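Same order as they appear, the protein sequences are chains A and B. Letter 272 of the first sequence, counting from 1, is numbered 272 in UniProt numbering, and no numbers are missing. Letter 292 of the second sequence, counting from 1, is numbered 292 in UniProt numbering, and no numbers are missing.
Keep in mind that the hints were calculated from the coordinates and are not lab data. Quick caveat: nothing in here was measured; it's all calculated off a predicted structure. Incorrect hints may have been included.
Claimed, not checked - Within a straight-line C-alpha distance of at most 20 Å, the following computed SDA-like cross-link-like pairs (lysine to any residue) qualify:
id, chain 1, residue 1, chain 2, residue 2
1, A, K190, A, G175
2, B, K97, B, L296
3, B, K272, A, L212
4, B, K94, B, G167
5, A, K163, A, L110
6, B, K223, B, R237
7, B, K94, B, L296
8, B, K69, B, L16
9, B, K94, B, A113
10, A, K163, A, D67
11, B, K272, B, G166
12, B, K272, A, V257
13, A, K163, A, K190
14, B, K272, B, A93
15, B, K58, B, A71
16, B, K94, B, F75
17, B, K272, A, G128
18, A, K163, B, F279
19, A, K190, A, L212
20, B, K58, B, I79
21, A, K163, B, V275
22, B, K272, A, G241
23, B, K272, B, I251
24, B, K272, A, G146
25, A, K163, B, K97
26, B, K223, B, R233
27, B, K58, B, M27
28, B, K47, B, G78
29, A, K163, B, F25
30, A, K163, B, L16
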Amino acid sequence: MTARAATGLDVSPAGGEGHRTLWHDAARRFLRNRLAVFGLAIVLLFLFLALFADLVAPYPYDRVYFDRVLRFPFELPGHPLGTDEVGRDYLSRLIYGARTSMTVGMAVQLVAFLIGVPLGSLAGYVGGRTDFVISRFIDTMTAFPGLMFSILIISVWGGGITKVIFALSITSWIGIARLTRGQILSLREKEYVEAARCTGVSQNRIILRHLLPNALTPILVSISFGIPAAIFGEAGLSFLGIGINDPIPSWGKMVGVSNAYVRVYWHLALFPTIAVALAMLGFSFVGDGLRDALDPKMIE
Amino acid sequence: MARYILGRILSLILVLFVVSVVTFFLMHQVPGGPFDETKAPLPPAAKENILRKYGLDKPIHIQYLNYMKNAVLHFDFGIPYQQPTTTVTALIAKSWKVTAQVGLMTVLLAFGAGITLGIYAAYHQNSWIDNITTFIAMLGITVPSFVVAMWLILFFAVRLDWLPMGGWNASEFCLVGSRFVCTDWIMPVIAYALGPLAIIARYTRSSVVDVMRQDFTRTARAKGLGNRAIMLRHILRNALIPMVTALGVIIPNLLTGSIFIEAVFRINGLGKFFVTSIFNRDYPMIMALFLLIAFLWSLTYLFTDIIYTWIDPRVRLGAEGGA
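For reference, chain B alone in the conformation it holds in the complex:
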């Protein structure tokens, strides 16, 4: 087990190395640098100064080594070209909270509603709730989140004028007096959660149905246990194991999905920063965000695999058993 985890961590480092190299060299291929002179040509001396200040006068592999040294040792990802008075780290620190808030609410909704719907659908197969769940699952899996988001906007913001079109109230207390002021959370979270919710509902339904047919469930029923006890102690415990795999599919998608949701609803989080950074050719910012996502992405894969062995002792990682 320890050997397996060590191997996985090594390969994670390798992936991050490859991602960083590829990103870095790609970034420097971008036509038109951040100090493009088409609008206001600089005197050569001034340009040289600027290039030296940002280290852009050195050969590219030296630039890369410098960058990685600062990034790994000092957690310093350089200075964003779009806001030279702060650092990349500070900018990310400022905007990650919103993205994390959106993500957290989404995960809560997706798991809460997804598992509930899945269990209900499994217990009432071919009922109308089952059919609706199947329909939502199909919609959530196939239709992109930004399309769902536009439909929500068209209906609830434009047609009915019930909810605000966008924005994100980042204040921690959503109640002013007794009034709920975070109505701008509702649509982004629903649009964002529909995809993962669909996957979770589908997984839950099929694994609950599967476990319901097992012998131990029948035994539990035969010895007179109540429905609730059977569901909580026997069915859910076993049915939720495959959910960990679902987690491995969902979390990485959430990481990139935020870009679209933040664009539709004009939320000032990391995803929106990523897009503006691309339009502004802000190398340090893109580089840092890309590394961050790649890091979280590979970490998710690693953790889901480890959690999987921990929950289900029948799974043994590695060909030889490892543990």
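Same shape as in the complex, but just chain A:
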């Protein structure tokens, strides 16, 4: 009954309303996966905090109270998670930290998508010398130590959110480009593409309507794993003290700073590490769930 969705042999031009699509099936399978739903809940929570930080957070992230430096959780009534080393509300900084993490995670993957997919499809579809040049370029970039390179770039051009996104984007598109190229290469030989070509469908239309939609699912999965990788990259850079600049909060930076206070002020280390771990786990669960849900072979 689901063979239609699985084969991708959808010849009718508009797909038709009402029948069960791959996406419909995938959503059902995804929602039946408890871990994936749990991950999705975490991701949605962090996205909500990121979007509405101004409304949710009890204090602005940069409001300093000189008389409330380094207070423990619940020590003062207004600061449930305590205050940091210069007297800022820790809960507010954690909430705004979600904004930093989510922005970097999504932006880096957006750039990766915008560079990787066109480059990969070009290499895969055109082939020949274009493919050779692009593939060699991709191979060379793979041999680059990505995180080290980001550190290098940040150390040269300084920190800040746009520069962090830029530094992490330099190597983030490689995986997607390679993946897209492989997908297009294999899809190009499929019968339905040949059929489309025989009936005189233009090249652009073949790429946009026949190849890319079918290549999209693995790319989507790759992106859902790329977001936590980018979040990790930002947290790592900021942890070393070279990523996001003060006073913008970043979980990684909070962990890095807390290292000096951890013997006494344990809360400074505990909360941001939990936030980082939850964000990474959430996105990874969603990625796992998507991969399983979008795999047509998994149909029950």
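Since the structure of chain A is already known, use the hints to place chain B on it.
Just chain B now, with coordinates in the frame of chain A:
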């Protein structure tokens, strides 16, 4: 085969060339040179002297060529700005041992525990050890090492006060009398090893499960071989082949991961040097460390590919078969 390896070595050299050029030119873009005069302005003549001493008065491409000539021919990476009395090579030689020690212990733990857990989990599918292994694997793969490191510190150093918060006892003998003095090794190695351990355990479990279902395993069992013999001679031998790929993922990550572990636990190794060099804008030091890592990184990729063909004769490198 020889042609393939030659091609790979050529591309390795190309990568290193690109890395060195990019790093070199980026380094010279850093705002504020190492002889920044904001605090104590130098007389022009003195400044000129210093710039000439370090060769900074020449055009940048000449500087690059000089640098590469010294680096490749004499293994001379210049003089670190932060400690002008020694050489970069000497500084690296002094601190690589600690990093190598941390790395070696980590690899041993990751492979030892990872393979053991993976095999056990495969043999006892859906038992509690299997579930714990899956949980550890998930944690190790997703949670960054510095987060795990902070948790270990919070629990074992702050809360229980069992282990020291940081440092690295670099002495070769950890026993004074009968007392184990290298307790400061425990947390860094665990935090560092958890990621690779997770990957190894996951790989091992799935490939052991895979091999257990093969016909030759069933044949071995049918002809009456003992469990141990089957496991060692038939299953492990075949199951460990994919581990080489895992190696290719793990070693490069270990190279950069050390930066974080050394920062958390205040270990004076190469990783910590790298960070201080960046803060001090120590071009020669950053350049040398970056080249070193890029070199090891590409070498790992090359070796894992070669080892892979050597272990598993079914894999043929290159499109035409090569060998």
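Hint check results:
no. : hint              : in the structure
1   : A/K190 <-> A/G175 : violated, 23 Å
2   : B/K97 <-> B/L296  : holds, 16 Å
3   : B/K272 <-> A/L212 : violated, 45 Å
4   : B/K94 <-> B/G167  : holds, 16 Å
5   : A/K163 <-> A/L110 : holds, 15 Å
6   : B/K223 <-> B/R237 : holds, 19 Å
7   : B/K94 <-> B/L296  : holds, 18 Å
8   : B/K69 <-> B/L16   : holds, 14 Å
9   : B/K94 <-> B/A113  : violated, 30 Å
10  : A/K163 <-> A/D67  : violated, 34 Å
11  : B/K272 <-> B/G166 : holds, 13 Å
12  : B/K272 <-> A/V257 : holds, 16 Å
13  : A/K163 <-> A/K190 : violated, 42 Å
14  : B/K272 <-> B/A93  : holds, 14 Å
15  : B/K58 <-> B/A71   : holds, 18 Å
16  : B/K94 <-> B/F75   : holds, 15 Å
17  : B/K272 <-> A/G128 : violated, 45 Å
18  : A/K163 <-> B/F279 : holds, 17 Å
19  : A/K190 <-> A/L212 : holds, 13 Å
20  : B/K58 <-> B/I79   : holds, 17 Å
21  : A/K163 <-> B/V275 : holds, 18 Å
22  : B/K272 <-> A/G241 : holds, 13 Å
23  : B/K272 <-> B/I251 : holds, 18 Å
24  : B/K272 <-> A/G146 : holds, 18 Å
25  : A/K163 <-> B/K97  : violated, 34 Å
26  : B/K223 <-> B/R233 : holds, 14 Å
27  : B/K58 <-> B/M27   : holds, 15 Å
28  : B/K47 <-> B/G78   : holds, 19 Å
29  : A/K163 <-> B/F25  : holds, 18 Å
30  : A/K163 <-> B/L16  : violated, 25 Å
Of the hints listed earlier, those the structure fails to meet are numbers 1, 3, 9, 10, 13, 17, 25 and 30, in rising order.
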